[in-house]
Structures are given as C-alpha cells and as structure tokens.
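Enquirer: The whole structure should be built from the sequences, with the hints applied where relevant.
As you go down the protein sequences, you meet chains A and B in turn.
The first sequence begins at 1 in this note's numbering and counts up by one.
The second sequence begins at 1 in this note's numbering and counts up by one.
Hint data in this document are derived by calculation from the structure and do not stem from the laboratory.
All values derive from a computational prediction rather than experimental measurement.
Backbone N, C-alpha and C fix where the C-beta goes; we use that ideal spot for every residue, glycine too.
Be aware that a few hints might be false.
[As the list claims (entries may be wrong)] With beta-carbon atoms standing in for the labels, derived distance ranges: (1) P98/B with S331/A: 47 to 57 Å; (2) P337/A with E5/B: 18 to 28 Å; (3) E268/A with H153/B: 48 to 58 Å.
[Stated by the list, open to error] Heads up, incomplete: computed chain B residues facing chain A, CB under 8 Å, no partners named: (4) T62; (5) V76; (6) K85; (7) L88; (8) L146.
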Amino acid sequence: MADIDTLTENAGETAAAEAGTTRKMTLNMGPQHPSTHGVLRIVLELDGETITRAKPEIGFLHTGIEKQAETRTWQQVVPLTDRTDYLANLSNNLGYVLAVEKLLQMEVPPRAQFMRVMLTEITRINSHLVWLGTSALDVGAMSVFFYCFREREEILRLFEFFSGQRLMTSYFRIGGLALDAPRGWRKWIEKFLDVMPSRIDMLEGLLTENIIFKQRTQGVGYISLDDMLDLSVTGPMLRAAGLKVDARKDYPYSSYDKFQFEVPTRTENDVYARYLVRMAEMRESLKIIRQALDGMPEGPYTADAQNVVLPDREKMKTQMEALIYHFKIVSEGFRVPPGEAYQVVESPRGELAYYVVSDGTSKPYRVFMRTPSFGNLQALETMFVGFPIADSIASLGSMDFVLGDTDR
Amino acid sequence: MIPEELNQDPIVAAIRERFPDAIQEARRDLGELTLIIAPGHLVEVCRFLKREQTFVRLSSVTGVDWMPRTPRLEVVYHIESVARKQRLRLKAWAGGEPPAIDSVTPVWRGADWYEREVFDLFGVVFRNHPDMRRIMMPDTWEGHPLRKDFPVHGYKYSYADEE
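Expert: Written out as structure tokens, the structure is:
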C-alpha cells in the first residue's frame with residue numbers, strides 16, 4: 001500500500017497541456033469498486049479513454065495468515081488455509097495437507113484420495129460459477145449472476161452435508177478426511193451430476209452466442225503468452241493462450257493420474273477464450289466427479305498413523321493407548337520430521353503451491369502460500385495499458401482473482 | 001558440498017560447467033532438487049537457467065528466517081521448466097545489514113511483487129529492483145512481520161492514528 005501522492009505525481013497533466021493534445025487524467029479505481037471483486041485499488045492514468053498507466057495496489061486484506069500459521073500446530077493450520085482463497089477452500093486445504101503429508105512421507109488411503117479429488121472438483125465448479133456470475137455482471141449480463149448463485153447454493157449445501165460447513169469447510173485433514181462421507185452421499189452427488197450438465201448448457205445458452213457478450217469480450221484483454229510466463233501468470237489464462245499446462249496432469253497428486261480428463265485450451269487469448277476454457281473445465285470436472293463416484297474405493301478414510309490421526313471415538317473409550325494418543329495429538333500436536341516440501345496443486349485460478357518448512361517440532365517453521373491470484377494480478381498493468389478503460393473491466397474479470405488469496 | 005550422485009544430474013552438471021563456484025550446496029529431498037547458490041552468482045545462474053535450461057517460469061520467491069544463524073535470512077526461489085515439466089528450488093543467503101541480495105527481476109519480471117513481499121515481510125533489500133517498497137503492510141509500518149523476532153501481536157496496539 002502506498003501513499004496516493006507518490007502514485008499520482010507523474011500524472012502527466014502539464015506535459016500534455018504543453019503539447020496541446022489531450023489532457024491526461026488520473027483515476028482512482030477502488031478499493032471499493034464493485035468490479036474489483038474485493039478491495040483492490042488501481043490507479044489509472046488515462047489519455048482520453050485509453051489507459052496509459054495502471055498501478056495496482058494490494059494489501060488491504062493482509063491478515064498475516066503465514067505468521068499466524070507459525071503459532072499453530074500443524075493440524076490447526078488447515079482452517080487458516082480456508083480463509084485465503086475463500087471460493088476454493090478445499091483446493092487450499094488439499095495443497096496444504098499434501099505438503100505436510102509429503103514431509104511426513106505418509107500415504108493416504110485410496111478412499112480419502114478419491115474423496116479429495118471429487119470434492120476439489122466440485123470446488124472448481126463452485127469457484128468458476130462465482131467467477132462466471134460476477135464477470136458476466138461486470139459486462140452487463142445481470143441474469144447470469146442469479147442463475148450462477150442458485151447453482152452455487154446447491155454446491156454449498158453439498159459441502160454443508162459433507163463437512164457441516166458451507167464455506168470454511170476444513171474437510172481435508174493431515175492424514176485423510178475430517179469425517180467419513182455422510183450416509184446417503186452418493187444420492188446427493190448423483191443428483192448434482194444429473195442436474196449440473198443442463199444448468200451449464202443453460203448458462204452457455206445465455207452467453208456463448210450472446211452478441212453483446214461477444215462484442216464486449218472478443219479481442220479484449222489480450223496479453224502475449226511470453227509476457228504471461230514472464231509475469232508468473234498461471235491457470236486458465238495460460239490455457240486460453242494455447243499452452244497446455246495443468247498441475248493435475250503435469251505433476252499428478254492425490255491419484256489424479258487414475259482419472260481420464262482433458263485439459264481444455266484455446267488459442268484466441270482474449271476474455272472470450274478464457275470464458276470458453278472455464279466453461280469447458282466445468283464439464284471436465286463433472287467427468288472427474290462421475291469417475292470418482294463410480295470408482296470410489298471402500299475402506300478407511302484416514303491413514304493408519306495413530307500419532308497423527310485422531311483415534312476412533314469407540315476405541316478411545318475402550319483402549320488406554322488410543323486415549324493417550326488422543327490426548328497427545330490434541331494437546332501437543334504431532335511432530336513433523338525436519339525438511340521442506342513444495343506441493344503444487346491446480347486450483348481453479350491456477351498454480352497453488354504450499355512451501356512448508358519444518359524444524360522437527362509440532363508447529364510449522366514456515367508456511368508459504370504461493371497463491372495464483374497474486375501471480376495473476378501482476379499481469380494487470382501489461383494487460384490494461386494501451387486499451388480503453390471500458391475494456392479494463394472485462395479484462396479484470398477474466399483474470400479471476402480473489403483478494404483474500406492475493407493478500408493472505 | 002555436492003553429494004556424488006547429484007554431480008551426475010544434468011542441471012547441476014550444466015551449472016558447474018559454466019559457473020564452477022556457483023553451487024555451494026546441493027541436495028535432493030523428498031524428490032525435490034535444491035541448489036544453494038552463492039549470492040554473487042545468483043542472477044547469472046538464473047539467467048543461464050532461463051535462457052539455456054528452459055526454466056522460463058518463476059513460480060515464487062519467498063524467504064525463511066533462520067535466526068540466530070548469520071546470515072539469518074534465506075531467500076528461496078522456485079522455478080519451473082514448462083517444457084520439461086520439472087521444478088527446481090534455488091536458495092541464497094542474504095547477508096549484510098540490512099540484508100541484501102541481487103534482484104532477479106531482470107531475468108523474470110514476475111519476481112517484482114514476490115521480492116517486494118520478501119522485502120516487506122522479511123526486510124531483505126533487493127538490489128536493482130525497479131520498485132522496492134512495501135506491498136502488504138502500510139508504509140508507516142515498523143519492522144518486518146515474518147521475522148522470527150517480530151511478536152505475533154505486533155509492537156503496538158494500533159497503527160491507525162499515524163500519518
């Protein structure tokens with residue numbers, strides 16, 4: 001965050017006035033602008049309608065999550081990860097627990113792995129729906145927003161059914177899941193899979209051939225692939241530029257290698273292409289959910305590691321050892337061998353990575369979250385400069401960032 | 001100190017051939033390759049890795065505070081080769097007071113915000129960085145919150161009244 005004077009001093013007003021051309025104007029967008037999807041402030045310098053400079057300012061939502069993580073036990077960090085990217089909380093849970101499991105060299109049973117895959121894919125649809133609703137609203141398609149949030153409500157109910165929470169689920173734990181899937185979960189997922197394809201068709205019907213939407217998005221928000229790679233941009237933005245990168249395929253985790261799915265790509269590299277990529281991704285996610293449902297293995301949902309995973313309630317009441325382990329885990333936590341791990345997962349927004357460092361104690365020494373929104377937002381200036389201000393709203397929407405994820 | 005089996009690694013071998021003293025230490029833990037680079041060679045090794053070893057993407061830059069060791073601050077770079085689907089971790093120690101290290105923004109422009117974040121939260125100054133100022137904390141903030149000697153609740157109750 002910086003002082004407004006330092007950002008606006010080169011507004012260029014005098015230079016333009018001397019040249020006798022148009023006067024440059026500095027416009028402050030945000031931090032409370034509806035299209036910035038959170039508290040992002042952008043200082044724009046305009047020449048007529050064309051943006052000549054754009055300085056994003058972040059940090060308004062910085063809550064020191066990485067610092068807090070150093071004061072909790074390993075398991076207690078899981079709820080903190082929910083609160084970074086609150087639209088894709090399960091992807092964040094997954095990244096963190098996989099990183100710690102890597103340090104513990106722990107193998108999670110197949111049922112937990114499949115459950116994780118299934119729920120993170122539902123999260124992906126959830127996140128894309130919110131993105132679709134809000135970014136369509138930005139370019140004037142209001143009704144889409146209501147339909148998207150109706151579908152999202154179904155997903156949140158599903159999360160509540162599984163974990164007891166709608167948003168901050170913390171359903172994945174180090175060593176497996178918090179709970180086994182509730183009774184009757186198959187029926188819920190079946191119902192979701194029955195309904196969702198036609199709902200996605202409907203959403204596409206509202207937008208894909210919509211002439212207003214196409215005119216607002218086609219050829220807008222271009223940024224070259226080289227620039228994006230240089231600026232640490234990841235996820236659907238790269239795929240809409242024709243680069244087939246996806247951590248689920250490139251560095252398979254949590255048994256993603258057992259699933260058949262495509263990585264949708266486009267080559268147009270504009271806002272419309274990003275829209276098409278995300279719509280196709282939702283359909284691919286549905287395919288993965290279907291495979292996970294059909295192939296869901298039976299068996300335990302937590303790893304067989306009594307010093308990490310809380311014991312069964314029944315055992316606790318009958319076995320002394322289980323009671324002791326329960327007390328140890330709850331009071332002290334568990335120790336993680338010294339070392340470091342970098343775990344990459346594909347969040348709906350792009351590359352999400354957790355860098356965890358352990359010094360052998362029961363608290364993390366360092367948890368670093370490489371969040372996709374932070375990297376993607378760096379491309380903002382390159383994407384804005386030289387284009388009209390009206391387009392900036394559409395390009396901003398197409399980046400799909402969450403400010404909680406950026407600032408942490 | 002490079003273990004014998006890592007001398008055979010193509011990346012380690014390529015860097016050693018070009019810059020014989022650049023790698024101070026190398027290890028492979030949990031399948032992840034880590035190279036500790038001499039701070040003076042950091043930028044040229046990065047440029048070499050990007051241009052000739054296809055590590056076109058910088059994934060992240062972060063720091064770790066190893067107080068009371070000197071130098072205490074370690075800067076960690078995670079880079080990726082999109083073509084080879086390979087990741088690599090580079091580390092360098094930031095020495096001096098205030099701790100300083102060369103910026104890799106001339107190699108990857110994306111390092112810009114990450115280095116500002118490390119500066120803000122750890123107090124590592126990046127030389128040749130185009131815009132070295134705080135990114136997360138307010139400009140009036142004192143101290144660097146992710147350092148180990150910074151209390152979790154901060155030094156003061158409120159920063160709100162300050163100019």
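Enquirer: Would you mind marking each hint as holding or not holding in the structure?
Expert: Now the hints, each set against the structure:
1. P98/B with S331/A: 47 to 57 Å: Roughly 40 Å apart at Cβ, these two residues miss the hinted range, so it is violated.
2. P337/A with E5/B: 18 to 28 Å: holds (21 Å)
3. E268/A with H153/B: 48 to 58 Å: holds (50 Å)
4. T62: Nearest chain A Cβ about 4 Å off; hint holds.
5. V76: Holds. Min distance 7 Å.
6. K85: Since the shortest Cβ distance to chain A is 5 Å, the answer is holds.
7. L88: For L88/B, the interface hint is violated, since the closest Cβ of chain A sits about 10 Å away, which is over 8 Å.
8. L146: Holds, about 6 Å.
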